[in-house]
Amino acid sequence: MSEATTLSRRTLLKVSALAGGGFALSATMPMVARAVGAEASAPAELTAFVTIAPDNTVTIIGKNPEIGQGIKTSLPMIVAEELDADWDLVKIEMAETNMAKYGPQLAGGSFSTPMNWMPMRQTGATARAMLIAAAAQKWGVSAASLGTEPGKVVEKASGRSATYGELASLAATIPVPDPESLTLKDQADFRIIGRAIGGIDSPKIVRGEPIFGVDTQLPGMVYAAYERSPVFGATLKNADVEAAKAQPGVIDAFIVRGNGNAEELVDGVAVIASNWWLANRARSALKPEWDNGEWASHSTTGYAAKAKELMDGGKAAQVFGERGDMAGALASAAKVVTADYSYPFLAHAAMEPMNCTALMREDGVMEMWAPSQTPQGGLTSVAEYLGLPPEKVIVHITRMGGGFGRRLNNDYMVQVAAIAKEMPGTPVQLIWSREDDVRTDFYRPAGWHRLTASIDADGKMTGLKDHFVTFDLGESPFNPALMSPDTFPAKLMDNLLLEQDMLRTAIPMGALRAPNSNALAFVTQSFLDEVAHETGKDLPTLLMEIIEDAETEPTTMGFTGPTPGFNPNRVRAVTSKVMDMADWGKPVADGHALGFGYYWSHQGYFAEVVEVSLSDSNKVQVHNVWCAGDVGNQIINPFGALNQVEGSIIDGIGQALQLAVEVEGGAVKQSNFHNYPLPRMPMTPQIHVEWVKSDNSPTGLGEPALPPVIPALTNALFALTGKRVRSLPIDTSLFS
Amino acid sequence: MAITVTINEETREIDAPGDMPLLWALRQELGMVGTKFGCGIGMCGACTVHLDGQAVRSCSLPLSAIGDKKVSTIEHLAQSEVGQALQQAWLDDDVMQCGYCQAGQLMSATALLNTNATPSDDEIDAAMQGNICRCACYKRIKTAIAQVSRKEDTANV
Ligand code: FES
Ligand code: FES
Chain H
1 MSEATTLSRR
11 TLLKVSALAG
21 GGFALSATMP
31 MVARAVGAEA
41 SAPAELTAFV
51 TIAPDNTVTI
61 IGKNPEIGQG
71 IKTSLPMIVA
81 EELDADWDLV
91 KIEMAETNMA
101 KYGPQLAGGS
111 FSTPMNWMPM
121 RQTGATARAM
131 LIAAAAQKWG
141 VSAASLGTEP
151 GKVVEKASGR
161 SATYGELASL
171 AATIPVPDPE
181 SLTLKDQADF
191 RIIGRAIGGI
201 DSPKIVRGEP
211 IFGVDTQLPG
221 MVYAAYERSP
231 VFGATLKNAD
241 VEAAKAQPGV
251 IDAFIVRGNG
261 NAEELVDGVA
271 VIASNWWLAN
281 RARSALKPEW
291 DNGEWASHST
301 TGYAAKAKEL
311 MDGGKAAQVF
321 GERGDMAGAL
331 ASAAKVVTAD
341 YSYPFLAHAA
351 MEPMNCTALM
361 REDGVMEMWA
371 PSQTPQGGLT
381 SVAEYLGLPP
391 EKVIVHITRM
401 GGGFGRRLNN
411 DYMVQVAAIA
421 KEMPGTPVQL
431 IWSREDDVRT
441 DFYRPAGWHR
451 LTASIDADGK
461 MTGLKDHFVT
471 FDLGESPFNP
481 ALMSPDTFPA
491 KLMDNLLLEQ
501 DMLRTAIPMG
511 ALRAPNSNAL
521 AFVTQSFLDE
531 VAHETGKDLP
541 TLLMEIIEDA
551 ETEPTTMGFT
561 GPTPGFNPNR
571 VRAVTSKVMD
581 MADWGKPVAD
591 GHALGFGYYW
601 SHQGYFAEVV
611 EVSLSDSNKV
621 QVHNVWCAGD
631 VGNQIINPFG
641 ALNQVEGSII
651 DGIGQALQLA
661 VEVEGGAVKQ
671 SNFHNYPLPR
681 MPMTPQIHVE
691 WVKSDNSPTG
701 LGEPALPPVI
711 PALTNALFAL
721 TGKRVRSLPI
731 DTSLFS
Chain V
1001 MAITVTINEE
1011 TREIDAPGDM
1021 PLLWALRQEL
1031 GMVGTKFGCG
1041 IGMCGACTVH
1051 LDGQAVRSCS
1061 LPLSAIGDKK
1071 VSTIEHLAQS
1081 EVGQALQQAW
1091 LDDDVMQCGY
1101 CQAGQLMSAT
1111 ALLNTNATPS
1121 DDEIDAAMQG
1131 NICRCACYKR
1141 IKTAIAQVSR
1151 KEDTANV
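Chains as they are written, first to last, in the numbering used here: chain H, 1 to 736; chain V, 1001 to 1157.
No lab work stands behind these hints: they were computed from the structure.
Each hint should be verified, as a subset may be incorrect.
[To be verified] Using 25 Å as the maximum straight-line C-alpha spacing, the simulated SDA-like pairs for lysine to any residue come out as follows:
| # | chain 1 | residue 1 | chain 2 | residue 2 |
| --- | --- | --- | --- | --- |
| 1 | V | Lys1142 | H | Trp691 |
| 2 | V | Lys1151 | H | Pro203 |
| 3 | H | Lys619 | H | Glu662 |
| 4 | H | Lys204 | V | Ala1085 |
| 5 | H | Lys204 | V | Leu1091 |
| 6 | H | Lys335 | H | Phe718 |
| 7 | H | Lys245 | V | Asp1019 |
| 8 | H | Lys156 | H | Asn56 |
| 9 | V | Lys1142 | H | Pro638 |
| 10 | H | Lys204 | V | Glu1075 |
| 11 | H | Lys460 | H | Gly536 |
| 12 | V | Lys1142 | H | Arg195 |
| 13 | H | Lys693 | H | Asp580 |
| 14 | H | Lys669 | V | Ser1060 |
| 15 | H | Lys306 | H | Val231 |
| 16 | V | Lys1142 | H | Asn624 |
| 17 | V | Lys1142 | H | His623 |
| 18 | H | Lys669 | H | Leu734 |
| 19 | H | Lys91 | V | Ala1078 |
| 20 | H | Lys421 | H | Lys460 |
| 21 | V | Lys1151 | V | Thr1115 |
For clarity, every value in this text was computed on a predicted model and none was experimentally measured.
Modelling step: build the complete structure from the supplied sequences, incorporating the hints.
Written as structure tokens, this is what we have:
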């Protein structure tokens, strides 16, 4: 057995021999761990990251949670590429939750791809170099005379070869080279990256095998339902626990005291039964009494009225962006355009309802099976709640039936921990009903904007003003309810005034796919379409004018590694591409019209064109969506990539047409799919996607295709009807 | 009192109240978790199974209403030719994202092709509109169904 370690800037690697012969390369990612402030030194024990068995199978750890974005397949593809593995012999195993080993294990912000691109390549390249070194040693030739083909080392001159499996044991004795010293593959030579590869779990999914969090089954497991107040911010006075206990199948029922923080634990009553349906049904016997406090008077119509009052009142409480002389620009303007825009709260409605399984073990360890986008955050919250050191909480990452940002919050993890700690030795699976899910989410925040643009005598937009009404968290807006002063086109305006007022609410808010951008793209791109119309041009033309003198901003060191700044050339490229694709400017079918939208978010540039018509009953029909996207120089897995874009586009259309969460009496009115109507198959348009490759490292695709489709749709409706949609979801009575 | 139900060609005794929906008996009494819970009110199709070959929502089907009708679930889908062809098409086209809805989608698609081997576009829409896919893989689901149906078409000529 030999062990050797090497440390580069990005990866710490260690080699060891497998028990039955074979090679194991362990890796940690100190750079990505350090980026979020985690301990960067080597943990005492490393887990094998890439193993090669004598039978030539290669096992690669999938380290980031899979929510349907394809990361469990795409990160190992990157390792396998540089390793030059035979993909058919690659197996993927899901990692446990461990920040020190793997850096951030998170599914959110489209971060996973940019953050792991280099470390994954280096890890694969290191293993390959060691296999080559092993063959060189075995055959007594120089490493330079050797190359690889999928799954084997080949001597170029003689053509003789040895499989990775045959070389694995010897490779385990080779010192680990410095990954920085290795030459990575030329992208033109990629054999795995860029290939359309099916999801690694897909065969299990079509057979109905248990792979999701809610499929977790443990011997002796019981099921829990959790009754909490529909009114946000309420506390529990009492409940008839005994009545619930008397219901069929019920094993126990007890009151759980929260800490008042919706992100962790709110007051409620746990009902435990041998079957979840029985537990859930017994909730109706609880007849709980709540203290709703001040929040029962809150409603979304109340917020909207207050927002209007604040915007009508003129000056806002805070200025968050200012440049030039906006008042002067308005005073000297030849034309002023002003309009109010708004958008509603939205729920995530991931297909797999929130759930989590927990076992308070006899040895004092809390073991959990968690469908969470942020399992590390969940682990910390649970440890803190239980007063346990983090090493006494084990979190297994399960596949998730969708996330969309909902599972960035881990309230269900703390909830089940609070229940399981009362039942040591018994595994407990907590499941939420769909009603629980829709009514106790972390919602995409609603928002209101009064926008004003100044236009000079030459038809040039000279300034932009926005009076924004949002929700606060102390001094500043709640993060997903925040508008950055850099929001396009604010940064490129000579005269600018961005100001805001903030409302108080107990409604929990959170990130929904393409947070901030999913709302702000609608507001800004629709308003720019108004300005374009007022100045007799189309939106692409106005967009090109706005970015005319814009310079490429420098690359900064961000959370995910180097992050390229705004680049106007990338805007030009996706815009002209999509105009070509959609035959923009050419006649369209009678009764149809096109609309355009562009947005840059999560490091991706997307321009989209939507073709709409109205049915006799004024139903909006989306026929075609053309989409040009730039997410760097490489599409890692075209299968998964296209699926993400198609899904984002339909998701955006659904939000625009029919989704809203309304609050009345402090509680959410919607409850299930009959009144929160997600898109269905007949709504699906033709979707045409093309990639614009730019000279940048690849970035994520879970989010950036969504924001522009909403304004592209509303702008198309304006082109068709002359009616401007300024509030979501689209009220079709506007068109009658 | 135990209820007797035929599931995937096997006789199963289920010790549960008659008003328990089949979904929860499958998942938590029999440990067959391929059939999924999405809404509990017949609105999403995640829980779709076959009852004498017809697609039904198991979240809304009480055990007592099954009688001697035969239940078939996703775990048994590969036993039928059409089911197997659809499973393969799902893999060839890499239909799924999160995959959670797909058991229900496959069960609905199989029931459709069993009664109508060559559905039109609108007929596919109509048969599948009860199945929500939150990830919105609709385009691929439709393509995969159409592919299998075209193969059926040529096989029958
Ligand atoms: S769970 Fe049965 S239709 Fe949704
Ligand atoms: S694949 Fe995620 S819900 Fe359909």
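Fill in: Structure-inconsistent hints, enumerated in ascending order
Hint check: 20 fails alone, others pass.
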